[in-house]
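Line by line, the protein sequences are chains A and B.
Residues 1 to 243 in the UniProt record's numbering are what the first sequence lists, from first letter to last.
Residues 1 to 376 in the UniProt record's numbering are what the second sequence lists, from first letter to last.
Any given hint could be a false lead.
Below 25 Å or equal to it, Euclidean Cα-Cα: the simulated DMTMM-like pairs (lysine to aspartate or glutamate) are [to be verified]: (1) Lys285(B) - Asp88(A); (2) Lys27(A) - Asp373(B); (3) Lys155(B) - Glu138(B); (4) Lys209(B) - Asp60(B); (5) Lys114(A) - Glu133(A); (6) Lys187(A) - Asp214(A); (7) Lys187(A) - Glu234(A); (8) Lys81(A) - Asp373(B); (9) Lys141(A) - Asp60(B); (10) Lys285(B) - Glu172(A); (11) Lys10(A) - Glu11(B); (12) Lys76(A) - Asp373(B); (13) Lys78(A) - Glu8(A); (14) Lys22(A) - Asp373(B).
Hint data in this document are derived by calculation from the structure and do not stem from the laboratory.
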Amino acid sequence: MTGKLAIEAKGLTKSYKIGKIKQPVLKEVNFTAYHGQVTMVMGPSGSGKSTLIAALSGLMKPDEGEVIALGESLWKKKKAKIDQFRLDHCGFIFQGFNLFPALNATQQVEQVLKYCKVKKGEAKKRAVQALTEVGLDKRLKQTPSALSGGEKQRVAIARALSKNPQLLFADEPTSALDSVSGQVVIKLLHRAAKEHGAAVIVVTHDPRLEAYADRVIHMEDGQILSDTFVNRPEDVPPSAPHA
Amino acid sequence: MSLALSTLIYEWRRYMAAVIALAVAGLLVLSLVGMFMGIGKNFTATIDRSPADLMVLPPDSQGFGSSQPRRNIPTLYQHPEVVEVMPYTQRWAMWANFPSPGQSAKRDGVQVIIVDPIAGAVTLPNDFPEDVILALQEPYSVVVDATSLAKLGVKVGDKAQMNGRTVNVRATITNYPSLFNSMVFMSRQTAKLLNLYDEGPRVGSLLVKLRDPARAAIVAKELNDMGNKQFRAWTREDLARENQAEMFKESFIVIMLGFMLIVGVFIGVVITWQTLQGAILANIKEFASLRALGVSMGNLNLIIMELSFWVGVAGLLMTGILLVGVTALANAVGLTMFYPLWSIITIAIMLLTIAVISGLLSLGVLKKSQPADLLR
Numbered sequence: 001m002t003g004k005l006a007i008e009a010k011g012l013t014k015s016y017k018i019g020k021i022k023q024p025v026l027k028e029v030n031f032t033a034y035h036g037q038v039t040m041v042m043g044p045s046g047s048g049k050s051t052l053i054a055a056l057s058g059l060m061k062p063d064e065g066e067v068i069a070l071g072e073s074l075w076k077k078k079k080a081k082i083d084q085f086r087l088d089h090c091g092f093i094f095q096g097f098n099l100f101p102a103l104n105a106t107q108q109v110e111q112v113l114k115y116c117k118v119k120k121g122e123a124k125k126r127a128v129q130a131l132t133e134v135g136l137d138k139r140l141k142q143t144p145s146a147l148s149g150g151e152k153q154r155v156a157i158a159r160a161l162s163k164n165p166q167l168l169f170a171d172e173p174t175s176a177l178d179s180v181s182g183q184v185v186i187k188l189l190h191r192a193a194k195e196h197g198a199a200v201i202v203v204t205h206d207p208r209l210e211a212y213a214d215r216v217i218h219m220e221d222g223q224i225l226s227d228t229f230v231n232r233p234e235d236v237p238p239s240a241p242h243a
Numbered sequence: 001m002s003l004a005l006s007t008l009i010y011e012w013r014r015y016m017a018a019v020i021a022l023a024v025a026g027l028l029v030l031s032l033v034g035m036f037m038g039i040g041k042n043f044t045a046t047i048d049r050s051p052a053d054l055m056v057l058p059p060d061s062q063g064f065g066s067s068q069p070r071r072n073i074p075t076l077y078q079h080p081e082v083v084e085v086m087p088y089t090q091r092w093a094m095w096a097n098f099p100s101p102g103q104s105a106k107r108d109g110v111q112v113i114i115v116d117p118i119a120g121a122v123t124l125p126n127d128f129p130e131d132v133i134l135a136l137q138e139p140y141s142v143v144v145d146a147t148s149l150a151k152l153g154v155k156v157g158d159k160a161q162m163n164g165r166t167v168n169v170r171a172t173i174t175n176y177p178s179l180f181n182s183m184v185f186m187s188r189q190t191a192k193l194l195n196l197y198d199e200g201p202r203v204g205s206l207l208v209k210l211r212d213p214a215r216a217a218i219v220a221k222e223l224n225d226m227g228n229k230q231f232r233a234w235t236r237e238d239l240a241r242e243n244q245a246e247m248f249k250e251s252f253i254v255i256m257l258g259f260m261l262i263v264g265v266f267i268g269v270v271i272t273w274q275t276l277q278g279a280i281l282a283n284i285k286e287f288a289s290l291r292a293l294g295v296s297m298g299n300l301n302l303i304i305m306e307l308s309f310w311v312g313v314a315g316l317l318m319t320g321i322l323l324v325g326v327t328a329l330a331n332a333v334g335l336t337m338f339y340p341l342w343s344i345i346t347i348a349i350m351l352l353t354i355a356v357i358s359g360l361l362s363l364g365v366l367k368k369s370q371p372a373d374l375l376r
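Can you make the complete structure from the sequences, with help from the hints?
Shown next, in the form of structure tokens:
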């Protein structure tokens, strides 16, 4: 699966209304991402990168344009079908970790698996496995209040990875973390791409993360300024970065 | 443990306002019911603890008060299973103490209950101890409930005046408190000496003892057939139930209870709803992250509904705890509280309904869990 096209967006346009003024945030953006690759979207605040992944992941409908995710046209689906698509295929990691304060690390992961119709015993096994993979095998029973920021983000990653998503979206996953924790987190995202074959799309303005990217896209003012492959998938010709 | 229950336990402080609001709403209604029922229970204490298997009342009456012809007594004896028939006699008398120096004089109307102080007599309540029965056998001796002593201005061993004649307070009993007029027990003989007993043509209720108490319901029916609507025989349970039901036909009690119920439900819903909303808003990002991961809105709604159900259960437990306290407090001032099972079930349903309605009202807040807002 590695190297195959996972997501393709054409002509994405989105503007927000602020008062009576229409403020464009995405201007006819074309975008692709491949399985087994970490695609990093970089750019200053307000460049439209968060809106881009919201549109790519089915969280926010663009005004115009099309998103083909895993071969399906995302925005032609009904709302419930989009939810189901995300449940089946998408993982998310946010800047804030968004863990339920009442649940311990294992329960956080199990909670999501429950909705994926995974049986109880199997969910527990997969939760422990996912937490072990992110190095939290000693912290299975801790609630968020007993975990450091880095550990919380690792729980959030385990929660996202436990579903075996084919698309993994991360929005500023390291910006609330110190550099060591940040390194651990980006390595985990990198591994998700390489070992699980997920298409990992990371929005960040942390330049330290570039070292782990297979491809770096720079955005500004709602447009893609540059698109550079560090490792080009085999079937992508050098002349056509946007497929 | 589910997410809803873990959240309630972990963040119990956040939900405390709702739990207390529910508990107070429950307590408000239940303590009022308990008080009315307790007062009713006091009025019927002598029925409840009578050794009589059947009560025979005038055909149109449920309470002890109206009268029937004395000739019903021999009619009842015609049934082969009837062993003893005695009239239940209750009278009113004026009570006055002989104040000792420094003590204030007390004058009060009292209910006089006439018993036959012989162990096993059908008029003698079955919880009177041996020494009380012996004390009642003395002429001019009376027995009162321990909680009535202060109200009557006497202690055991004192003399007092009833209808102008001197009586001796010889002993006390417990479990016969009265919020209004105190109950004074005396023998039929003493009652005659005080001119409180007459053997006229009419009697109040009749207390009937049967050979086999287990056949009470059958004999009651047979007696009623025999009596040809001249009287009506009741088993003790039926009469107590009828008295309770009768009490709630009193319009002022129904109005008060109805009002309390509406106030309770309103307070409960408003506070629980607002508390739930606040609590959901506090976790809105977590809910949004579940939305992002593909958990449907319907499933999030279910979490909230389960949470509100558990808040209702917690409110119910809290009602129980508060009720024990209120009951203890009431008993300390001599007020009997009695909570029939139906009132407890009604309140349990009421609290859970309030919680569920509040949950439904709070669902709107979940719409704010827009996962796109988590991206910045």
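For each hint, the structure was consulted:
{"no.": "1", "hint": "Lys285(B) - Asp88(A)", "verdict": "holds (21 Å)"}
{"no.": "2", "hint": "Lys27(A) - Asp373(B)", "verdict": "holds (20 Å)"}
{"no.": "3", "hint": "Lys155(B) - Glu138(B)", "verdict": "holds (18 Å)"}
{"no.": "4", "hint": "Lys209(B) - Asp60(B)", "verdict": "holds (22 Å)"}
{"no.": "5", "hint": "Lys114(A) - Glu133(A)", "verdict": "holds (20 Å)"}
{"no.": "6", "hint": "Lys187(A) - Asp214(A)", "verdict": "holds (13 Å)"}
{"no.": "7", "hint": "Lys187(A) - Glu234(A)", "verdict": "holds (23 Å)"}
{"no.": "8", "hint": "Lys81(A) - Asp373(B)", "verdict": "holds (21 Å)"}
{"no.": "9", "hint": "Lys141(A) - Asp60(B)", "verdict": "violated (70 Å)"}
{"no.": "10", "hint": "Lys285(B) - Glu172(A)", "verdict": "holds (16 Å)"}
{"no.": "11", "hint": "Lys10(A) - Glu11(B)", "verdict": "violated (46 Å)"}
{"no.": "12", "hint": "Lys76(A) - Asp373(B)", "verdict": "holds (22 Å)"}
{"no.": "13", "hint": "Lys78(A) - Glu8(A)", "verdict": "holds (19 Å)"}
{"no.": "14", "hint": "Lys22(A) - Asp373(B)", "verdict": "holds (19 Å)"}
This entry does not satisfy hints 9 and 11, going by the numbered hints stated previously.
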